[in-house]
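**Student:** What follows is each chain in one-letter form.
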Amino acid sequence: MTQSVLRGICASVGILALTMAGGSSAPALAAENDGILDIASPLEISGLDPAKSGYIFSRMQAAETLFTVNRDGKLVPMLAKGNHVSDDGLVWHVSLRDDVLFHDGTPMTAAIVADHLNRIFARPGVLNRAPITGIHAHDGEIEITLSEPFSMLPAFLAHYSTIILSPASYDDAGEVTGIIGTGAYRVDEVTPPLQVKMTAFDKWWNGRAGIDKVSYLAVGRGETRAMMAQSGDADLVFSLLPVAVNQLSGDPEVNVAVATIPRTRLLKIDAAKPFFDEVTERQALSLAIDRKAIAAVVMRNVDLAATQMFPPSITGWNNADVPALAFDPQKARDLLAQAGWVEGADGILEKDGQKFSVTLRTYASWPDLPLIATALQSQLRAVGINLEISVGSYTEIPSGHADGSLEIALVTRSFSMVPDPLATVMSDYGPGGADWGAMNWQNVEAADLLADLGRTSDEQARAQLQEKLTAILQYELPTIPVVWSELAVSASAKLENLFVDPFEQNYYLSDLRWAK
Amino acid sequence: MKQLIATRLMQLVAVVLIVGTISFALMYFLPGDPALRIAAGRYGPDMMDNAISDMVRAELGLDQPVIFRFLAWMGDLIRFDLGHSLVSEAPVIDEIAVQLGYTLWLSVIAFVLSLVVGPVIGAVAGLFPGSVFDRGALLVSIALRAVPPFVLAIVLMMVFGVTLRWFPTAGFGGWSHMVLPSVTLALGLAAMSSRVMRDAMTEVAAAPYFAHGRYKGLSDRTVVMRHGLRNASLPVVTYLGLQMVYLVEGVVVVESIFGFPGIGHALVHAIIARDVPMVQGTALAMGGLFVLLNSVVDLLCLKLDPRLGAQTVSRSGRRGA
Chain A
141 MTQSVLRGIC ASVGILALTM AGGSSAPALA AENDGILDIA SPLEISGLDP AKSGYIFSRM
201 QAAETLFTVN RDGKLVPMLA KGNHVSDDGL VWHVSLRDDV LFHDGTPMTA AIVADHLNRI
261 FARPGVLNRA PITGIHAHDG EIEITLSEPF SMLPAFLAHY STIILSPASY DDAGEVTGII
321 GTGAYRVDEV TPPLQVKMTA FDKWWNGRAG IDKVSYLAVG RGETRAMMAQ SGDADLVFSL
381 LPVAVNQLSG DPEVNVAVAT IPRTRLLKID AAKPFFDEVT ERQALSLAID RKAIAAVVMR
441 NVDLAATQMF PPSITGWNNA DVPALAFDPQ KARDLLAQAG WVEGADGILE KDGQKFSVTL
501 RTYASWPDLP LIATALQSQL RAVGINLEIS VGSYTEIPSG HADGSLEIAL VTRSFSMVPD
561 PLATVMSDYG PGGADWGAMN WQNVEAADLL ADLGRTSDEQ ARAQLQEKLT AILQYELPTI
621 PVVWSELAVS ASAKLENLFV DPFEQNYYLS DLRWAK
Chain B
5 MKQLIATRLM QLVAVVLIVG TISFALMYFL PGDPALRIAA GRYGPDMMDN AISDMVRAEL
65 GLDQPVIFRF LAWMGDLIRF DLGHSLVSEA PVIDEIAVQL GYTLWLSVIA FVLSLVVGPV
125 IGAVAGLFPG SVFDRGALLV SIALRAVPPF VLAIVLMMVF GVTLRWFPTA GFGGWSHMVL
185 PSVTLALGLA AMSSRVMRDA MTEVAAAPYF AHGRYKGLSD RTVVMRHGLR NASLPVVTYL
245 GLQMVYLVEG VVVVESIFGF PGIGHALVHA IIARDVPMVQ GTALAMGGLF VLLNSVVDLL
305 CLKLDPRLGA QTVSRSGRRG A
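Those protein sequence lines, which keep their order, are chains A and B.
The opening position of the first sequence corresponds to residue 141 in the numbering used here, with each subsequent residue numbered one higher.
The opening position of the second sequence corresponds to residue 5 in the numbering used here, with each subsequent residue numbered one higher.
Among the clues, some could well be false.
[Stated by the list, open to error] Heads up, incomplete: computed chain B residues facing chain A, CB under 10 angstroms, no partners named:
#	residue
1	11
2	15
3	30
4	33
5	45
6	46
7	53
8	54
9	59
10	64
11	97
12	101
13	112
14	173
15	175
Rather than coming from a laboratory, the hints here were simulated on the basis of the structure.
We put the beta carbon where it would ideally sit given N, CA and C, even for glycine.
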């Protein structure tokens with residue numbers, strides 16, 4: 141065997157490599173202009189039941205709810221035409237649009253909608269948390285009877301788990317086997333857990349979508365989504381990581397839009413534990429947190445430093461009159477001293493022989509949470525509080541709440557799951573607290589305000605009650621806000637009319653157009 | 005050969021029982037409340053709370069004694085029923101059929117690519133030990149094997165997806181979507197198989213029968229094809245069976261990075277969500293596949309070296325005597 145043979149092989153490999161490199165001038169395979177709107181988002185399809193993945197189908201406008209939140213954040217009818225309530229507030233009548241067809245051609249009727257809502261009511265979801273006693277079709281309207289007045293019913297009927305589906309979406313056993321909705325797009329194919337393909341529905345009651353075909357892909361990794369945006373493989377990418385926002389901002393082929401959303405990273409604390417049972421202790425904890433530093437470094441946006449629970453974008457809940465949460469470590473130390481905590485030999489505070497050492501639980505399914513936890517550990521150590529960090533599954537938060545083992549947790553909480561923040565606030569800060577909200581915090585005035593809010597539909601009256609409630613939450617700090625959140629979306633420069641919905645109810649795909 | 009197939013079938017039954025039992029036990033002994041995990045898998049973190057997990061617990065009978073649940077699963081298995089996913093509530097067999105199909109496609113393409121690249125480079129390097137090509141191949145294979153699959157995947161995505169735009173960065177549905185994930189897997193596989201082939205070929209090239217072939221006047225090509233490749237292939241084929249482990253490990257990572265709906269992705273999610281039927285179903289599918297592929301490897305080895313069959317027969321004969 142001669143060396144010439146080896147040289148021949150090497151030469152062949154070299155020629156092959158050069159040939160491949162020459163192919164770079166060939167048309168790009170990945171980002172070919174096929175007219176399909178490719179979407180990448182981290183949200184996977186865990187099942188067709190609306191309570192599981194209804195948010196994907198509602199945001200993608202495949203299925204619609206009776207009510208929705210418009211671009212101004214107002215709750216408005218969608219498949220409903222209107223509603224009226226009996227004087228005692230116990231019977232709601234919801235009238236329906238006349239011109240709505242399901243994607244299988246079936247007209248939407250009150251009987252179909254009532255039957256569907258009854259199926260939803262029988263399953264886990266938000267609807268069975270409302271004080272509903274019956275749902276019936278009556279004179280072409282939906283009649284919903286309640287055991288007590290409930291002002292949030294339209295907001296509950298805007299929740300994704302209440303998307304209205306055709307009877308053909310169910311099998312004989314009552315399981316959802318397909319998404320046959322009323323939206324701008326008809327679902328052609330679902331490949332759980334990752335892909336949905338859709339086509340514009342010609343007979344949509346609100347016109348016709350501007351783009352004919354849509355393909356949705358769930359991509360869990362933020363790095364991959366960013367690369368899909370850069371390469372043009374995805375025309376629309378949701379939930380970009382902060383680092384990717386900076387990276388994509390300079391790309392002329394991509395437009396990046398960012399909206400502050402009603403989601404807050406906050407510290408959930410057990411107000412019954414000796415570390416947090418006094419309001420001064422909770423205020424000290426809050427004063428020890430340098431939110432601007434965390435927002436600037438971890439969230440890459442200093443404006444996300446929380447000055448109160450709700451960001452300014454949540455009209456009616458952001459209270460301009462309350463003093464902003466501040467960073468003042470010296471005042472934090474003074475308040476802790478006032479509460480009886482004295483510095484031990486190792487620099488950790490002590491009271492009645494007990495060190496101020498607590499375990500903070502958090503989870504990595506939101507990649508920034510462990511980073512924020514580490515920053516908090518360092519900042520609280522500076523005032524003599526020792527945090528042990530435990531990163532696990534997010535299920536450990538509700539389980540720790542239930543068995544009382546949770547001391548403090550860093551969580552992310554959305555106030556727009558039901559598009560009226562009151563639903564979440566009422567659950568989280570009502571008597572006894574909730575898995576993701578307050579823990580062992582009692583405040584009679586707050587409980588009364590929440591009860592009043594639940595009964596009141598008048599907007600002005602509600603605004604006053606909300607103002608009082610947010611002032612209490614700001615002073616009492618049953619949970620301590622750390623940073624707000626934003627939703628970053630990248631859109632191909634080929635796309636027009638992008639709108640990022642801060643309530644995350646709708647991607648407004650039907651309004652998108654290819655630029656000419 | 006019949007005896008081999010019968011043995012493998014018995015192993016398959018054993019694998020099904022052992023893998024199913026172990027995966028059930030592992031899921032049972034993992035810390036945390038399974039109802040909470042399943043509720044989280046179904047409804048997501050924002051919707052999940054103790055009230056919903058209590059509904060899930062009641063619906064799935066998770067408060068029943070564990071032995072009852074295990075026996076129910078065994079009973080279903082005897083009837084060839086893998087049950088329903090606790091998260092999606094779809095039949096496990098349907099989910100596995102879709103996801104295993106994608107994984108098999110990905111794995112087969114990766115495997116074939118690695119066979120085209122690895123053993124060929126290894127054979128050439130083995131024929132010229134110590135040459136620049138041999139040393140270069142060693143360097144590249146060490147680098148490829150040392151780099152974790154997710155890093156390799158991101159490098160390939162950056163180069164061929166973002167910069168050159170030859171192939172899609174992620175997703176599935178067409179042949180072009182298969183390229184980057186399968187190359188990611190194939191490079192790792194080829195890195196090892198090329199070294200095994202190189203060492204085997206070096207050994208064969210130094211063997212007396214190889215030199216004898218050349219002394220008797222056979223051409224280089226004939227010597228390599230007739231005496232070299234066949235003899236050097238035996239350890240490589242055996243090693244390919246072991247490489248399935250790397251393939252499974254790689255598939256889990258690669259599917260997540262490339263947004264690919266395979267069985268690795270499904271298994272990771274099923275474990276997180278405590279979806280016991282899905283974990284058992286995917287573990288059974290993978291276990292069964294291992295037995296099947298190792299059987300194929302054994303049969304190939306028998307074909308390549310008939311002396312192995314003769315040795316087996318003579319051993320059985322001695323045991324019988």
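**Student:** Given residue 112 of chain B as an interface hint, is the shortest Cβ-Cβ distance to chain A below 10 angstroms?
**Tutor:** At about 20 angstroms, which exceeds the 10 angstroms cut-off, the nearest Cβ of chain A leaves the hint on residue 112 of chain B violated.
**Student:** Using Cβ atoms only, decide whether residue 30 of chain B comes closer than 10 angstroms to chain A, and label the hint accordingly.
**Tutor:** violated (16 angstroms)
**Student:** Does the CB of residue 59 of chain B sit less than 10 angstroms away from some CB of chain A?
**Tutor:** With Cβ-Cβ at 5 angstroms, under 10 angstroms, it holds.
**Student:** Less than 10 angstroms between beta-carbons is the criterion; does residue 11 of chain B satisfy it with respect to chain A?
**Tutor:** violated (38 angstroms)
**Student:** Was the hint right that residue 54 of chain B lines chain A, CB cutoff 10 angstroms?
**Tutor:** Holds - the Cβ of residue 54 of chain B comes within 10 angstroms of chain A, reaching about 5 angstroms at its closest.
**Student:** Using Cβ atoms only, decide whether residue 46 of chain B comes closer than 10 angstroms to chain A, and label the hint accordingly.
**Tutor:** Holds, because the Cβ-Cβ distance from residue 46 of chain B to chain A comes to roughly 5 angstroms (cut-off 10 angstroms).
**Student:** Hey, does the residue 175 of chain B contact hint survive, CB to chain A under 10 angstroms?
**Tutor:** holds (5 angstroms)
**Student:** Does residue 33 of chain B pass the interface check with chain A, least Cβ-Cβ distance below 10 angstroms?
**Tutor:** violated (16 angstroms)
**Student:** Please verify that hint: residue 53 of chain B, Cβ, nearest Cβ of chain A, below 10 angstroms or not.
**Tutor:** Holds, about 4 angstroms.
**Student:** Hint validation: residue 101 of chain B versus chain A, beta carbon distance must be below 10 angstroms. Holds or violated?
**Tutor:** Residue 101 of chain B check fails; min Cβ-Cβ to chain A is 12 angstroms, beyond 10 angstroms.
**Student:** Would the hint on residue 97 of chain B be counted as holding, given a Cβ-Cβ threshold of 10 angstroms to chain A?
**Tutor:** Hint violated; residue 97 of chain B Cβ to chain A Cβ min 14 angstroms, cut 10 angstroms.
**Student:** Is the shortest C-beta separation between residue 64 of chain B and chain A less than 10 angstroms?
**Tutor:** Nearest chain A Cβ about 12 angstroms off; hint violated.
Hints 1, 2, 3, 4, 10, 11, 12, 13 from the earlier list are contradicted by this structure; the remaining hints agree with it.
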